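Chemist: Chains as they are written, first to last, in my numbering: chain A, 1 to 408; chain B, 409 to 816.
A few of these clues could be false.
Stated by the list, open to error - 20 Å max Cα-Cα, derived SDA-like pairs, lysine to any residue:
1) K126/A with L461/B
2) K629/B with G643/B
3) K534/B with R227/A
4) K126/A with G89/A
5) K495/B with L53/A
6) K509/B with R227/A
7) K126/A with T744/B
8) K509/B with K126/A
9) K495/B with R227/A
10) K87/A with P471/B
11) K87/A with T711/B
12) K87/A with S549/B
13) K165/A with G89/A
14) K101/A with N552/B
15) K101/A with S549/B
16) K534/B with G33/A
17) K87/A with T517/B
18) K509/B with A142/A
19) K495/B with T109/A
20) K87/A with A464/B
21) K165/A with G33/A
22) K495/B with G33/A
23) K534/B with A142/A
24) K101/A with D548/B
25) K495/B with K165/A
Claimed, not checked - Under 8 Å between C-beta atoms, here's a sample of chain A residues computed to sit facing chain B:
26) G14
27) V16
28) L51
29) L53
30) T58
31) E65
32) T72
33) I78
34) G89
35) V291
36) D292
37) R332
38) V335
Bear in mind the hints are in silico, worked out from the structure with no lab data behind them. Quantities reported herein were computed from a predicted structural model and do not represent experimental measurements. We treat Cβ as the ideally placed atom computed from N, Cα and C, and that holds for glycine.
Here are the chains, one letter per residue:
2 protein chains.
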Amino acid sequence: MSLIVQKYGGTSVGSVERIEAVAEKVAACRARGDDIVVVVSAMSGETNRLLALADAITDTPAPREIDVLVSTGEQVTIALLSMALNKLGCAARSYTGAQVKILTDDSHTKARIEEIDVERMQADLKQGRVLVVAGFQGVDSAGNITTLGRGGSDTSAVALAAALKADECQIYTDVDGVYTTDPRVVEGARRLAQITFEEMLEMSSQGSKVLQIRAVEFAGKYKVPLRVLSSFKDGPGTLITLEDNDSMENPIISGIAFNRDEAKLTIQGIPDTPGVASRILAPIGEANIEVDVIIQNVSEDGTTSLTFTVHRNDLNRARGLLESIAMELKARSVVTDDQIAKVSLVGVGMRSHAGVASRMFTALAEHNINIQMITTSEIKIAVVIDEKYLELAVRALHSAFELEYDAK
Amino acid sequence: MSLIVQKYGGTSVGSVERIEAVAEKVAACRARGDDIVVVVSAMSGETNRLLALADAITDTPAPREIDVLVSTGEQVTIALLSMALNKLGCAARSYTGAQVKILTDDSHTKARIEEIDVERMQADLKQGRVLVVAGFQGVDSAGNITTLGRGGSDTSAVALAAALKADECQIYTDVDGVYTTDPRVVEGARRLAQITFEEMLEMSSQGSKVLQIRAVEFAGKYKVPLRVLSSFKDGPGTLITLEDNDSMENPIISGIAFNRDEAKLTIQGIPDTPGVASRILAPIGEANIEVDVIIQNVSEDGTTSLTFTVHRNDLNRARGLLESIAMELKARSVVTDDQIAKVSLVGVGMRSHAGVASRMFTALAEHNINIQMITTSEIKIAVVIDEKYLELAVRALHSAFELEYDAK
Chain A
1 MSLIVQKYGG TSVGSVERIE AVAEKVAACR ARGDDIVVVV SAMSGETNRL LALADAITDT
61 PAPREIDVLV STGEQVTIAL LSMALNKLGC AARSYTGAQV KILTDDSHTK ARIEEIDVER
121 MQADLKQGRV LVVAGFQGVD SAGNITTLGR GGSDTSAVAL AAALKADECQ IYTDVDGVYT
181 TDPRVVEGAR RLAQITFEEM LEMSSQGSKV LQIRAVEFAG KYKVPLRVLS SFKDGPGTLI
241 TLEDNDSMEN PIISGIAFNR DEAKLTIQGI PDTPGVASRI LAPIGEANIE VDVIIQNVSE
301 DGTTSLTFTV HRNDLNRARG LLESIAMELK ARSVVTDDQI AKVSLVGVGM RSHAGVASRM
361 FTALAEHNIN IQMITTSEIK IAVVIDEKYL ELAVRALHSA FELEYDAK
Chain B
409 MSLIVQKYGG TSVGSVERIE AVAEKVAACR ARGDDIVVVV SAMSGETNRL LALADAITDT
469 PAPREIDVLV STGEQVTIAL LSMALNKLGC AARSYTGAQV KILTDDSHTK ARIEEIDVER
529 MQADLKQGRV LVVAGFQGVD SAGNITTLGR GGSDTSAVAL AAALKADECQ IYTDVDGVYT
589 TDPRVVEGAR RLAQITFEEM LEMSSQGSKV LQIRAVEFAG KYKVPLRVLS SFKDGPGTLI
649 TLEDNDSMEN PIISGIAFNR DEAKLTIQGI PDTPGVASRI LAPIGEANIE VDVIIQNVSE
709 DGTTSLTFTV HRNDLNRARG LLESIAMELK ARSVVTDDQI AKVSLVGVGM RSHAGVASRM
769 FTALAEHNIN IQMITTSEIK IAVVIDEKYL ELAVRALHSA FELEYDAK
C-alpha cells in the first residue's frame, strides 16, 4: 500500500463533469488500496473571474485581500470534489490551506511554504479517508490567508508529498508527459519515460511549460518522486527522479527546449578595462531585470563589446539603462535585437560524453544556421539564433541526436 | 466615540458598484469618529450559484462540504469590501468566521454560535482599522468551517455586537425600517421609530420578514440595541430596544403582521375523552410538522372536533397522518382548508389595556369578516380568516387602531 499525492489543475476540474471524472480516477486508485491525498486548483476561469472583480474596484488592491479573495477558488473545488467522491462511496474530506495547516511566510500573493502540519491529515488517512486539499494557498503564522502565486498548486502537492513522505507525487495535466521536444514543432517528438530533476529544471526553465519550476526544485530538494501524467487519458506519464539509474547507459541528450522570450542587447566599443562588465551589468541587476546569456568579445582595436539577453518585456527598460551607461563609458553604440530564439540541448549524459557541442554546431551549420551566442552548463548547451530558423534548428537537432528513437 | 456593528445583506453588496456604495457609507461613519465592524453576506445570487454546483453533483452532499462550499460566498465579499474601503483611504481588514474566530457547535449548515474571540478584533480596532467580517459562518472546535443557516448573517452581526459590547448593531436592508404593517397592503402604513424585541419577535414570526428571528432573540437576550435601516437611502430606521421607555404612554398596538403560509386541518366527530388532543397532535409533532394555532370544540352530540394550522408546505403530509389517526380513533371525518390567512395585532401596550380583542372583533365584524380561529399571547392577538378577506382585514384594523397617525 502506497501513499500517493495527486494534483489536478484548473482544466482538469474545469466543470462539474470533469470534477466527477477526477473523482472516478481517484476512487479507482483508492480501490486499489493506495492512500490518496488530492490537491486541486480552482476551476479554470475562476481565478480570473475573481481577479476581475477586484480589478473593477481598484488597481492597487491590498495583497492580503487578494489572497482572501482568490483562495475561495480552490475552496469551492475541494468541497465539490469531496462531494463527488462521497457520492461514489469513497469517504473524503476537504481541507483548506489554513486547515491543513500549510504554514507560509507572510509574502501575500507569493508566499513560500515553511512547514506543514501532517498530524490531522495522518489521522484522517488512518481512517481510510481520501483527503482533498486546496492547492496554491496557505496561512501565515498570524492566521492570515496566503497564496503561493499562480501555478502554486504544483508546489503545494510536492510540499505535501514531502511532508507526508509520500511514495509518489503525481501531477495530472493536459499533456501526457514530458517530451523530447514540443510535439507541435517536431512530429517525431517522443514522450520520455523518465527524466532527472536537473534535466527537468533545464527543460522547464528553457520553456517547456509542463510543471512549475518551483515545484521541480522542491521535489528535487526533498527527493519526492514526481510523475507528470494526463488527466484525460491513461498512461504512465513521465517520472522525474533523482538519478537516472534505470538504464546502463544514459542517452547523451534527453530533450530539446526552446523559447522566443528573449531579446539581445550589445554595447559596442567600450574601453577594455577591468571591471567594465560589472559596471555595465550592475545597474541592470539593480533594476530587477534578469540577464540570461552573456558574452564578451575583444575586438582588434583594443576596445571590447558586451552582449547579453533579457526577457523581451524588459527590453525597453534595459535599452534605456544601457544607453546611459554607454554615455558614461564613452562607448561607441548600443544595438538591440528582439528577433532571436534560444535552443537548448539538455541531458545528464552530457557529463560523460565529449563531442556534444561539435555535433550540435555541425548539425546547425549543415542547415546554414548561424550561431549568435553560446552558453553551457554541466547538463545543457544553449545557442541563440535568428528567430526565423527556430523550427528548422529544433528539427535538425532532434534528428541529429536521434531523439525519435526510443534510446532510453 | 461609539462602536457600531453594521450588517449589509446580499442585495446591498450584490455588485461591485453596490459594494463601493457600502464602502462610502462605512467610510463616512468612520470619518465621524466611530469604530466600525462591518458584517456582510454573500453577493446576491452567489450562494444559489454555489448550491447549484453541489446540486449538479449529488442530492445528498455532506453538510460539512456544503459549508466549505457556501462559506466562500461571504469570503469574496469581505475581500472586495476591504479593497473598496482601502481605496477610499479607510484602513480595513477582512476576517473569515474562522479567523475571528466565531466558535460554533458542529451542526453543519445550521450551527449555533458558542463563543466569539474578540482579542484580535479589538487590537485591530485600536489601530483604527475598520473590520470586515464574513457573516453566516463560523468554525467548530475541531477547526471545521460551519455555517449558521440562511439569513444567519443577521445573527453573526448581533453576536459580534454582543461580544464586542457594541453601542449599536445596525442591520442595513432593502427596507428603511419596520412598519406598522406591509406598506404594499396599507398605503398609510407608517415606519416605527422604535419597537421592543418582544414586539419585533411577534412581528417577524408572524410574517414581517425584515430581520431573522434568531437575530432578534439573540439581541434581546444580550441586550444589544438593534437598528433596522436602508442601505439605499438615508434615514434613522427603526430602533429595536429592550423596553419601550421613550414615551410616557405606549400605544396599544405597534403593528399588524399577517401571513398566507398556513393551512387548516379539522378532525371531526372524535370521542371526547381525556388525552385525545395529544393522541392526535403527537404523531404530527413526531413527523417534524410545526403546528401553530390549535382550537378544540365540544359539539352537542358529545363528540369533539380539533382544528389546527400547519405550514402550507406540510399540508399533504399532515393530512395523510391525520387520516390514519382518524381511522384509529373512529373519528367522523377530516377536513382541510388552505385558503386561510392569519392576521396578528402586536403591541406591548396590550398588557395594560383592556378591550383590544373586542375592538378588533368589532372592526372585523363591521366588514362582515368571519373569524375562524383566535389565538392570543401577552402582546399579540391573532385571528385566522378566509384568505380572500386578508387585505380588507388588515386595512380595517390599521384604521381602527389609528396606526396611520404618529401615536408613538
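Chemist: Each hint should be assessed against the structure and marked as holding or not.
Modeler: For each hint, the structure was consulted:
1. K126/A with L461/B: The given pair, whose Cα atoms are some 30 Å apart, is violated under the 20 Å limit.
2. K629/B with G643/B: violated, 27 Å
3. K534/B with R227/A: violated, 50 Å
4. K126/A with G89/A: Measuring from Cα to Cα gives roughly 17 Å; hence the hint holds.
5. K495/B with L53/A: holds, 14 Å
6. K509/B with R227/A: violated, 39 Å
7. K126/A with T744/B: violated, 55 Å
8. K509/B with K126/A: Given pair K509/B, K126/A is violated - Cα atoms ~29 Å apart, limit 20 Å.
9. K495/B with R227/A: violated, 44 Å
10. K87/A with P471/B: Answer holds: K87/A to P471/B is near 13 Å, not above 20 Å.
11. K87/A with T711/B: violated, 53 Å
12. K87/A with S549/B: The given pair, whose Cα atoms are some 27 Å apart, is violated under the 20 Å limit.
13. K165/A with G89/A: Violated, at roughly 27 Å.
14. K101/A with N552/B: Satisfied, since the Cα-Cα distance of roughly 12 Å is no more than 20 Å.
15. K101/A with S549/B: Holds, at about 15 Å.
16. K534/B with G33/A: violated, 54 Å
17. K87/A with T517/B: holds, 19 Å
18. K509/B with A142/A: Holds, because 13 Å separates the two Cα atoms, which is no more than 20 Å.
19. K495/B with T109/A: At roughly 19 Å apart (the allowed maximum being 20 Å), T109/A and K495/B satisfy the hint.
20. K87/A with A464/B: Holds, at about 12 Å.
21. K165/A with G33/A: holds, 17 Å
22. K495/B with G33/A: violated, 53 Å
23. K534/B with A142/A: Roughly 17 Å between the alpha carbons, so the hint for K534/B and A142/A holds.
24. K101/A with D548/B: The given pair, whose Cα atoms are some 16 Å apart, holds under the 20 Å limit.
25. K495/B with K165/A: violated, 45 Å
26. G14: Check failed: Cβ of G14/A comes no nearer than 12 Å to chain B, outside 8 Å.
27. V16: holds, 4 Å
28. L51: Violated, about 11 Å.
29. L53: Where the cut-off is 8 Å and the nearest Cβ of chain B is about 6 Å from L53/A, the hint holds.
30. T58: OK, holds: T58/A within 8 Å of chain B, min 4 Å.
31. E65: Given a least distance of 5 Å, the restraint on E65/A holds.
32. T72: At about 4 Å, which falls below the 8 Å cut-off, the nearest Cβ of chain B leaves the hint on T72/A intact, so it holds.
33. I78: At about 6 Å, which falls below the 8 Å cut-off, the nearest Cβ of chain B leaves the hint on I78/A intact, so it holds.
34. G89: violated, 12 Å
35. V291: violated, 36 Å
36. D292: Given a least distance of 36 Å, the restraint on D292/A is violated.
37. R332: violated, 50 Å
38. V335: violated, 44 Å
Taken one by one, the earlier hints fail for this structure at numbers 1, 2, 3, 6, 7, 8, 9, 11, 12, 13, 16, 22, 25, 26, 28, 34, 35, 36, 37 and 38, listed in ascending order.
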